[in-house]
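**Q** From first to last, the protein sequence lines are chains R and Z. Going left to right, the first sequence walks through residues 1 to 251 as this note's numbering numbers them. Going left to right, the second sequence walks through residues 1 to 251 as this note's numbering numbers them.
Source of the hints: derived by calculation from the structure; they are not laboratory data. Quick caveat, the model's predicted, so the values are computed rather than measured. From the three backbone atoms N, C-alpha and C, an ideal C-beta is built for every residue, glycine too. Accuracy of the hints is not assured; some may be wrong.
As the list claims (entries may be wrong) - Which residues of chain R face chain Z? A few of them, derived with a C-beta cut under 10 Å, are:
hint, residue
1, Asp82
2, Ala137
3, Cys163
4, His240
5, Trp249
2 protein chains.
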Amino acid sequence: MRPYILISNDDGVDAPGILFLTRLMMQLGDVQVVAPEGPRSGQSSAITTDMPIRYRLLEKTEGLTRYSCTGTPTDCIKLAFDKILDRTPDLIVTGINHGSNAAINVIYSGTMGGTFEGCEHGVPSIGFSLCDHAYDADFSYFAPYILKISEETLKNGLPENVCLNVNAPIGKLKGVRVARQCKGRWMKEFEMIPDAHGREQHWLAGYFENFEPAAEDTDEWALNNGYVSVVPCVLDLTAHGFLKEMKSWNM
Amino acid sequence: MRPYILISNDDGVDAPGILFLTRLMMQLGDVQVVAPEGPRSGQSSAITTDMPIRYRLLEKTEGLTRYSCTGTPTDCIKLAFDKILDRTPDLIVTGINHGSNAAINVIYSGTMGGTFEGCEHGVPSIGFSLCDHAYDADFSYFAPYILKISEETLKNGLPENVCLNVNAPIGKLKGVRVARQCKGRWMKEFEMIPDAHGREQHWLAGYFENFEPAAEDTDEWALNNGYVSVVPCVLDLTAHGFLKEMKSWNM
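Using the sequences and the hints given, assemble the complete structure.
**A** Next up, the structure:
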């Protein structure tokens, strides 16, 4: 049986990145798309708790079914498992995200939120992102790496609670680096642009500061040096290394 | 100088949980509240990227300043650092959340999203949650533990990238357990309730299934046995244990 692959994203079901990823995945298996009807960038692992969600079939052809959903990427994956999928998928991929999800961006990303939810459902899951926010970004250099990483994941599986955060820089690529999440933070994050009535309003903006630019084992280093970065991420947030020390606290 | 304490939540600036937490923290230091103007439950680490946000002063008295913000809990913490705080706070606390943020709920919670953002800014940060969704929940049993855990955190600090996820069950409490994040998943997550026109719409609902109910070192075990659970969480999502093995993949 051909692999069964579920796809979602946070840029919306019609974004070029997910259309490109869908065509690639159809080379590997039967594809089920369940993605937000419009942009959900920066939605993290948000779930919709205060209103109902809806979904509808967009397209059903040989080897491909596409649904849009009014919810977040995490809602999409949950909904797929509860209402849409024919069987447990062999692989879940999200993206291709228009923009980097490296370093701390992994926690803000709706695309990675979808990846985490796939992982939480026990299926090998990968988020793919290109470091280019442009709507007409060129995903072509990234394509062979996406196929190879997906094939390796289908073949090897992933440990329980582990999923992959894969990012690529723009242009020609030198290869793949398995990396760790780089330390850093967004700085000067808000820009005040008055509204049409002259009232203050604040746009999220700013720049990312890399706190360890010389470290060669991070995702940011890989991206800044022309490599695809692959960070295995774990959904158990417990700081296991600090657990024992904390037990000595006087509580 | 008295400690300077920043507070946020995801239930909204006027929720009983944050008002209770604010009164407690005023026993320990000078308090700055920056919280969403209304409910933001399940917002995870979502950030507002597609529209500007606004904020306004609600109250300024001796030792207490309160702002509301139109954004998410993560936006609130970012905004506080960029626009509102007088100096770097000594402690950031979020909550008291109306409802559990134990086990996998840690990744969906807007309250924990605020905690993570505090941690990302290098300040010791704690999320407090009570396993009771009721608006008029009784936080009183939890109060001495909140004070003690906050005092210990002010005294000891926390390692880089580590923050605390603190949950309490309802009613009388037996003490504190330092615990790890329990494995488990939400099941049967959507409930179809037709709208006024008879059209399908789906509400997030379901129940949490604990995958390791016998393990006594988890947050769920602590909560089910009358203890306050304290899980140290780490913001580096890298699956360090899998990094080396993954380098043997053929990519």
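**Q** For every hint, state whether the structure bears it out.
**A** Evaluation of the provided hints:
Against a cut-off of 10 Å between C-beta atoms, the interface hint on R:Asp82 holds, since the closest Cβ of chain Z lies about 5 Å away. Taken as an interface hint, R:Ala137 does not check out: its beta carbon lies about 17 Å from the nearest beta carbon of chain Z, beyond 10 Å. Annotation: R:Cys163 was flagged as interfacial toward chain Z, and the flag holds, the nearest CB pair being 9 Å apart, inside 10 Å. Evaluation of the R:His240 hint against chain Z yields a held restraint, the C-beta minimum of about 7 Å falling below 10 Å.
Restraint check, R:Trp249 versus chain Z: the minimum CB separation of about 5 Å is within 10 Å; hint holds.
This entry does not satisfy hint 2, going by the numbered hints stated previously; all others are met.
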